[in-house]
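Peer 1: If you read the sequences in order, they're chains A and B.
Residues in the first sequence are numbered consecutively from 191, following the numbering used here.
Residues in the second sequence are numbered consecutively from 191, following the numbering used here.
These aren't lab readings, by the way, just hints derived from the structure by calculation.
Possibly wrong hints are sitting among the right ones.
No copy is singled out in the list; a pair is fine if it fits within one copy or between any two copies.
Once the Cα atoms are required to be at most 30 Å apart in a straight line, the calculated DSSO-like pairs of lysine-lysine come out as [unchecked claim]:
hint, residue 1, residue 2
1, Lys-396, Lys-195
2, Lys-195, Lys-455
3, Lys-203, Lys-396
4, Lys-577, Lys-525
5, Lys-209, Lys-581
6, Lys-336, Lys-195
7, Lys-358, Lys-195
8, Lys-392, Lys-196
9, Lys-525, Lys-581
10, Lys-540, Lys-203
11, Lys-195, Lys-390
2 protein chains.
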Amino acid sequence: MTVAKKISTSMEKSSFIRKMFEEGARLKAEHGAENVFDFSLGNPNMNPPAEFKKALMEAAEESGEGTHSYMPNIGYPFVRQAVAEFLSTEQGVEVTENEVIMTCGAAGALNVVFKTILDPGDEVISPTPYFVEYNFYVENHNGVMKTVPVNSDFSLDLNAMAAAITEKTKIVLINSPNNPTGQIYSKESLDALGRLLEEKSKEFNKTIYLVSDEPYRKIIYDGNIVPSIFSSYKETIIVTSYSKDISVPGERIGFLALHPSAEHKQILFGGFALSNRILGYVNAPALMQRVIAKIQGVQVDMTQYEKNRKLFCEGLTDAGYEFTIPPGAFYLFPKAPIEDDVAFVAELQKELILVVPGSGFGGPGHFRIAYCCDEQSIIKSLPGFKKVMAKYK
Amino acid sequence: MTVAKKISTSMEKSSFIRKMFEEGARLKAEHGAENVFDFSLGNPNMNPPAEFKKALMEAAEESGEGTHSYMPNIGYPFVRQAVAEFLSTEQGVEVTENEVIMTCGAAGALNVVFKTILDPGDEVISPTPYFVEYNFYVENHNGVMKTVPVNSDFSLDLNAMAAAITEKTKIVLINSPNNPTGQIYSKESLDALGRLLEEKSKEFNKTIYLVSDEPYRKIIYDGNIVPSIFSSYKETIIVTSYSKDISVPGERIGFLALHPSAEHKQILFGGFALSNRILGYVNAPALMQRVIAKIQGVQVDMTQYEKNRKLFCEGLTDAGYEFTIPPGAFYLFPKAPIEDDVAFVAELQKELILVVPGSGFGGPGHFRIAYCCDEQSIIKSLPGFKKVMAKYK
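Construct the complete structure from the given sequences, taking the supplied hints into account.
Peer 2: Now the structure itself:
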């Protein structure tokens, strides 16, 4: 075997998604990219806000003596301080730079956390549907991914969670607003989750950590709010990125923040710093650290996402699709009218519509629409959605 | 246990290096940073070349529609093409963008390669002394690090290498110009290494890969050249970064390149792409990819490094130190006059000189001086070096 068995298996397993993308590419080549309605990727189409470009130009102007050198692996102190200040307001809990580590995006932060906390065989529990890359991040560090169902509106099912937690559970991983459902977990459910984790930690005489993956925190609608997770449970680690806030997913800039009252704060923080270094990230990209320090709290204009969401919600309702109106993120996760979501997605492809089967998120019987796209492609795609649904009505 | 056992052990093991750095920090606090001669870190002090700032300003100006979005995980095709073109000339072997993946520095690239190739228990062999972070990178992916000695001038000892290779060997990892010795491996020794790996691959009926870590390739003196590694062995992967070439180690930009004639090229390349994604790097930072594409071949002015090297070589010779004049990189690796290099380094600290014990690189009885520093601190430190040596003469 030339490549590692795990990698070889992963390459085979992901083949159904790859085939789907290949089919999408084929359709674009055949019909012209502008005639294919691609809602398959969560690649934000908004431009970064004007403040970002201004900050970037400034940072480029300031380039010189030491601005691209190594800094402490955990990030520039002044950047971590700026992040901590903003986070303190957002979370309603006083956070300092000594609880913040700058990372190569949320994906980098998750790998750092898992590497630091998981011994081989330790379990990470995540509600489904979920961002399936989590499987890889957990397996990278010899952990075991375990999923639990949610309620039909994609809210947390605490009974299911309670039943799933065992003595092997080291981490509960949540993602709110959620990819792929767009659901936001309520303060009540998070408080209840916090109490549950406290009880279970006592029961098993260990600390069960809550990892809150929050890259969509600022992408919300209708005056919804994303509750402070630090207020619900003190053994919490927030991981996030600026990818969606300011539309810069290619720049790999994010951070992790440890609850200031976490019991083993010192050793955890030291472990995170070490893992960030030895996993080969070394540090989050220097220039982008400088940029985001200048624009804390800035985010993309939500007008277009709001319009897109409305267009899809009205159009799909009209076509007879069933779905929960998502309070956050830029995804819709409607029910497929047949059980086999992969087959249904193939039907949509015939109308030149590209979406991802729910099975790809541990949510079979559904499909995911990413509406971080241009308005016209939504409008033009709606007849296709309607036509395919009509086959099953 | 709150953190993983491996992490806990690593934190303890690295405590002697940490203590040394803490002692350095204490000395700086006590005597003023400007009065402490810090040669402990390979953090290039040169400013990036003027072309870098120009390219950065341009890239910042071009910021807009999609320039910070996700691109293919392996990097922008036009960037990989620019890199491949330069690499083709450098290596004397025609490389295309289909053999190049942009990475978060050389550390990111090494983790991608190890993740992709190593099954648990597979061995990676590296000549000593070596960059000890390699241990972590190999262990991250459940591999086993094995070291082999070199000749007294730090050139490759091929007999030792031949004796070390077993059926468990999956990768031989070399670093030329070397950190910490500054040695460059000759074309003859690399050709011989290539032949050895071909034989051993046949003997064990598998492919043994050569991974060549080359971040110091452009930091060379006295008209020395770093031979093309692709010319010596076809089952080779080059990993490198722009950190030292253009003094931007904080930006995490580098690449890996697979030999165009590697037997299992397709599956390896697919594996590297997958690993780059699932390790959480996702892609190399977008903006820096755009920047380096504009300045292929540009490098820092070597004048200061040359001056520093000369100052140290003359000063240390005068003081009675023994060392091989390093043809590359910005390190000197002199012999300590006593066996216990840690004790010797502690003596130098009394003269406010900070260097790293050779034990920290698997090269006991030596110490490493990083001369990527300002000239004055070298001149001012030389009496201290002389005074300490005099105690042992």
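Peer 1: Check each numbered hint against the structure and report the violated ones by number, ascending.
Peer 2: Violated: none.
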